[in-house]
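J.: Quick mapping for you: the protein sequence lines, in order, are chains C and A. When the first sequence is numbered by our numbering, its final residue is 116 and no position is left out of the sequence of numbers. When the second sequence is numbered by our numbering, its final residue is 115 and no position is left out of the sequence of numbers.
Note that these hints are calculated values from the structure, not bench results. Hints are supplied without guarantee of correctness; some may be wrong.
Below, a list of computed lysine to any residue pairs in the SDA-like style, where the Cα atoms sit at most 20 angstroms apart [stated by the list, open to error]:
hint, chain 1, residue 1, chain 2, residue 2
1, C, Lys9, C, Pro95
2, A, Lys5, C, Leu39
3, A, Lys5, C, Asn59
4, C, Lys57, A, Asn27
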Amino acid sequence: DSGVTQTPKHLITATGQRVTLRCSPRSGDLSVYWYQQSLDQGLQFLIQYYNGEERAKGNILERFSAQQFPDLHSELNLSSLELGDSALYFCASSPRLAGWDTGELFFGEGSRLTVL
Amino acid sequence: DQQVKQNSPSLSVQEGRISILNCDYTNSMFDYFLWYKKYPAEGPTFLISISSIKDKNEDGRFTVFLNKSAKHLSLHIVPSQPGDSAVYFCAASAPLDSSASKIIFGSGTRLSIRP
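Based on the sequences and whatever the hints tell you, model everything.
T.: Here is the structure:
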C-alpha cells in the first residue's frame with residue numbers, strides 16, 4: 001500500500017460526458033502528479049501541483065483540468081470525453097517539488113476510465 | 001517528442017539468468033534516473049535510481065548502469081526470479097531550476113521470467 005488513494009477505481013461513461021477523478025496523496029506529501037496510461041502505452045505526464053499551485057504541465061488536453069485543494073487532495077476533471085480518453089489515470093505524490101533528489105514517486109492504484 | 005525511450009516492449013528471460021532492460025534519453029538536462037516496476041492492477045512502485053554523478057548503483061539483485069555520453073541506462077537483474085515478471089518503466093527528471101522540472105517516463109518493457 002503506497003498510501004496514495006484514488007477514487008473511483010473504475011468508471012464507465014459515454015462520449016461527451018464529464019468526470020472527476022480524485023486523489024488523496026500520502027500524509028505529508030505536498031506534491032501531486034497526474035499521469036495517463038493508454039493501452040500498452042507508457043505513463044504520459046499530465047500535470048503537477050505543489051502545495052496547491054500548478055508547477056508543471058505536460059501533454060494535458062485543454063478539455064482536462066486539475067486542481068489541488070488546501071487539504072492537498074487533488075482532482076482531475078475530464079470533460080467532453082472522447083473514446084480516445086479511455087485510459088488508466090494514475091496519481092502520484094512525493095514530499096518534494098519534483099521528487100528529484102530521491103526520485104521516488106508514490107503511485108496510487110489508478111482510476112480506469114472507459115468511454116463508450 | 002519521446003524524451004525517454006524504451007525500445008524493447010517485451011523481454012523473456014529464463015529463471016536464474018540475467019535480465020537486462022535498456023533505456024535511452026535525449027534531454028541532456030536530465031540528471032536523475034529511476035526504474036519503476038508495475039504489476040497488473042497496481043500502480044508503479046519505485047525500484048532503484050541513479051544520479052548522473054554516478055555510473056552505477058546496486059541494490060541487491062538490481063543494478064542500474066548509466067552511460068551519460070551515450071545517454072543510455074540499463075537495469076540488470078541477476079539472478080532473475082519469477083516474481084520479477086512485471087512491466088518496468090524507466091524515468092528521468094531534471095533539476096528544479098530547469099524548464100524540465102517533471103519526471104518523464106518511458107513506454108515500459110514487459111519482462112517475463114520463464115521457468
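J.: Honestly, which of those hints from before does the structure not fit?
T.: Per hint list: single violation, 1.
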